[in-house]
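Between the sequences and the hints, there should be enough to build the whole structure, so can you do that?
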Amino acid sequence: MRTLVVFMAAAALCIGQAKLPQYSKETLPNGVVIAMMPRAGVPLVHFRVLIKGGVESDPGEMAGLGSVTSGLLRRGTTKRSAEQFAEELDFLGGTFGAGGGGRGGGGGGLESATAISSEFLSKDFDAGLDLLSDAILHPAFTETEVRKELARRVDAAKATKDNAQASIGSYFRAAFFGPAHPYGHPPDEMTYGKIGRKDIVDYHAKFYCGKNMLIVVTGDFDINAAKAKLAQVFGAAPAGSAFAWGKAPALARRGQMLLIDKPDATQTYFEIAQPGIDNKNPDRTTLEVINTLFGGRFTSMLNDALRVNSGLTYGASAQLEQNRLPGAIVISTYTKTDSTVQAIDMALDVLKRLNEKGITAEQLASAKAYVKGLYPTRRLETMDQLAALVGEIELYGLGRDEVDGYFSRIDAITLDQANATIKKYYKTDDLTFVILGAADKIRDQVKKYDPRAKEVSIRAAGWVN
Amino acid sequence: MRCFSALLFFAALIPAQTVQTATLANGMKVIIQEDHNIPNVAMYFFYKIGSRNERPGITGISHFFEHMMFNGAKKYGPKQFDNEMEKAGGNNNASTGEDLTTYTDWFPSSALELMFDMEGDRIRDLALEPKMVASERGVVYSERRTSVDNNNGGILREQLQAAAFIAHPYHWPVIGWPSDIEAWTQQDLKDYFAIGYAPNNCTMVVVGDVTVARVMELAKKYIEPIPRHDPPPPVRTKEPEQLGERRIVVKKAAQLPLQMIAYHVPEAKNPDSIVVDLLSTVLSTGQSSRLYKRMVDEEPLALSVNGRAGDALDPTIMTFTIQPRNGVDPARTEKALYDELERLKTTEIPARELKKAKNQMLTQHYSRMKTIAGRASLLGHYEVIFGDYNKMFTIDKDFEAVTAADIQRVAKKYFSENNRTVATLIPDGSAGGRRGRGGNQ
Chain A
1 MRTLVVFMAA
11 AALCIGQAKL
21 PQYSKETLPN
31 GVVIAMMPRA
41 GVPLVHFRVL
51 IKGGVESDPG
61 EMAGLGSVTS
71 GLLRRGTTKR
81 SAEQFAEELD
91 FLGGTFGAGG
101 GGRGGGGGGL
111 ESATAISSEF
121 LSKDFDAGLD
131 LLSDAILHPA
141 FTETEVRKEL
151 ARRVDAAKAT
161 KDNAQASIGS
171 YFRAAFFGPA
181 HPYGHPPDEM
191 TYGKIGRKDI
201 VDYHAKFYCG
211 KNMLIVVTGD
221 FDINAAKAKL
231 AQVFGAAPAG
241 SAFAWGKAPA
251 LARRGQMLLI
261 DKPDATQTYF
271 EIAQPGIDNK
281 NPDRTTLEVI
291 NTLFGGRFTS
301 MLNDALRVNS
311 GLTYGASAQL
321 EQNRLPGAIV
331 ISTYTKTDST
341 VQAIDMALDV
351 LKRLNEKGIT
361 AEQLASAKAY
371 VKGLYPTRRL
381 ETMDQLAALV
391 GEIELYGLGR
401 DEVDGYFSRI
411 DAITLDQANA
421 TIKKYYKTDD
431 LTFVILGAAD
441 KIRDQVKKYD
451 PRAKEVSIRA
461 AGWVN
Chain B
1 MRCFSALLFF
11 AALIPAQTVQ
21 TATLANGMKV
31 IIQEDHNIPN
41 VAMYFFYKIG
51 SRNERPGITG
61 ISHFFEHMMF
71 NGAKKYGPKQ
81 FDNEMEKAGG
91 NNNASTGEDL
101 TTYTDWFPSS
111 ALELMFDMEG
121 DRIRDLALEP
131 KMVASERGVV
141 YSERRTSVDN
151 NNGGILREQL
161 QAAAFIAHPY
171 HWPVIGWPSD
181 IEAWTQQDLK
191 DYFAIGYAPN
201 NCTMVVVGDV
211 TVARVMELAK
221 KYIEPIPRHD
231 PPPPVRTKEP
241 EQLGERRIVV
251 KKAAQLPLQM
261 IAYHVPEAKN
271 PDSIVVDLLS
281 TVLSTGQSSR
291 LYKRMVDEEP
301 LALSVNGRAG
311 DALDPTIMTF
321 TIQPRNGVDP
331 ARTEKALYDE
341 LERLKTTEIP
351 ARELKKAKNQ
361 MLTQHYSRMK
371 TIAGRASLLG
381 HYEVIFGDYN
391 KMFTIDKDFE
401 AVTAADIQRV
411 AKKYFSENNR
421 TVATLIPDGS
431 AGGRRGRGGN
441 Q
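Residue numbers (the working numbering), protein chains in the order written: chain A, 1 to 465; chain B, 1 to 441.
No lab work stands behind these hints, which were simulated from the structure alone.
For every residue, glycine included, the Cβ atom is placed at its ideal position computed from N, Cα and C.
Relax, there's no trap hidden among the hints.
One-sided excerpt, in silico: chain A residues whose CB lies under 8 Å from chain B:
1. GLU83
2. ASP90
3. GLY311
4. ALA369
5. THR377
Shown next as structure tokens:
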């Protein structure tokens, strides 16, 4: 423990400011970027490999291609069967997780990259790196494993619909972003049906290459030895070319409602959304603080009204999405079927109040303290959190000031600035409504939010046909 | 052995000596671990009260009580606990189980005294205002609708548990039966506070950027003056031996069927309990586990399968949860499970496979120790459920001691037909969305 304490105290924070521990970065001749943050102490090493593209690189009709590809990485390589890989990984007690971006995609909220995370005991650095690099660089994508993976995903998409809370997110993305937008086509039975082995092999060849790969290593390891090993293994990857980010396409038409019918539901789930920001927007820190007050903590305006004061729900919140492309500001909650309209109206009323009255100096001070107080446990405590943070900084070119200047940026927010930002983003018109519940019992009442509402059955294949 | 000894080395890095304990004059035990990595603190309160201390008519009241603990006391009125805490940069949660109710506070170390003041206030003088009770009833009912009524896994688990236990209080759900949620009274709540929230029925754990001296100073100031009183009466009812397989069916609108199969297994303190944990790892942790290989990978029978038993104060159940694939008759997943359980009984597990399970369990255990919150949770868990927080540091030796013969013996002892309850959720024809095939035969 003493070792742990002495080292970490030096690394994580100085008085009153968050500080990102130092890390080194280098680029291999084939373009692979390697960022390393050694931290003596807990004898674990964490690898996070990012492949640029994520859902942005999926062809629309084959949504899920990037995610399927990453899911298959460990299912057999040129030198190991899937079973051998699993056996070796489990024997080390290691972890290996891979996913495409997006809510429910396993990418840790990343829309713009595939993230592969793996953790091993430090003394297993070599064995762990061998497994990880074998999966990333030499997957076999056998016909059998491809077929199994796709069939499982089709069934999993169906199973998701047995959980209303889990499925509304996909309906929301389809409705809010629309089919022209890379965030707007969550994979479904049909898109998986169009993916074949060749698509996966081609995807891997195109994107899992030097210029499109970022590797972050954190934890207890020898930096010089690690550097040599990583260079040797990943330096062998073909250089290829980096994924070119596209421009943000237009969102779906605003001000619409999608009603999803689940006849047996005794509770209605709903999301109300409007356009928000991307992850480099200069208003983002101010918006984080405002959204904390609006719907980002227990005492938030939404939770206070819908849960604490009225008992209409177990929880009401608002998310401020921050991805490479502009996302949404989304109110989400649920309530029993017969209080559906009461709850929606109340959420809209809270939004209207925020828009018209803004916030007070006292509220602003409280939210600032809250965001700063929890930041260390949310982002700086463990080596996997630090690897995720370094990954974001490098992937998006944010710079270490993203962390080091964070508390100063929060401190600098003035009340006038906060209230002007509220007026700019928290609008009360042209909202998108996504409502999931027993349609026969709520259809007539919720029509008032959009008389031309589209309705789908939860039993229908896909998200929005 | 190579791998295993390296894992032991890891445990040695966070030695038990860094943990200090004290018992206040009113009987509350305090466990402290200093860790100055980040300027934050995890402060947890473990009350030894949960749904096992309830009775018909007031099922779910422990959980409801957990909610009421945030709704105002004497010094800090309604909403103030959360308002003051968030203003000071902290947040909180709480959870209720069959055995324990746990209050979890996370905050910057600058808020330490405020947290002691507010925790002391609500332990001593909870207000239980009728208006707040009425509103919170709606909140809890919404929680039930979300976690049970509109959640196929939740509803099947509730029915399974009610069938597996016919006498012991683990029979009823922690969230409570709907009619009880609607009916409990102000007096029920007052009575419950009086039995459950004795300081001598609570263990406090503080991990993070604190000093032992400061924590003890504040504990003496804010917590120690709260008088001790009688703890909840002992739970007398013991679950009688199961005399034959029990089968239940839940019909519900669903895309896919769902299956849960439970076996009675012993309480956490029983030496067989750790063997059951290793068994569950062998069977369902990782893609190399027996059930994953058999049911998810080699044969397209299930989307997922896992078997787990929690650490419990009283004899509990180990539950296998299986999500059958589209079109697969749950009778086939059931048979595949029994085949694998039979194999454990008839053939001794290879040494390397047992070692693998031990390595997996140890790295998982250490992984939970990475955060101050994880360690606060484990220290309290071992102290209250096993009677000694030191278990957190010595459990590796318990893993090490388990032999292949233990695995075989325990599999034979508990995985019998007479000891199992089989619950299957079958998609209701009117809304299942599937045409005829599979699932319902």
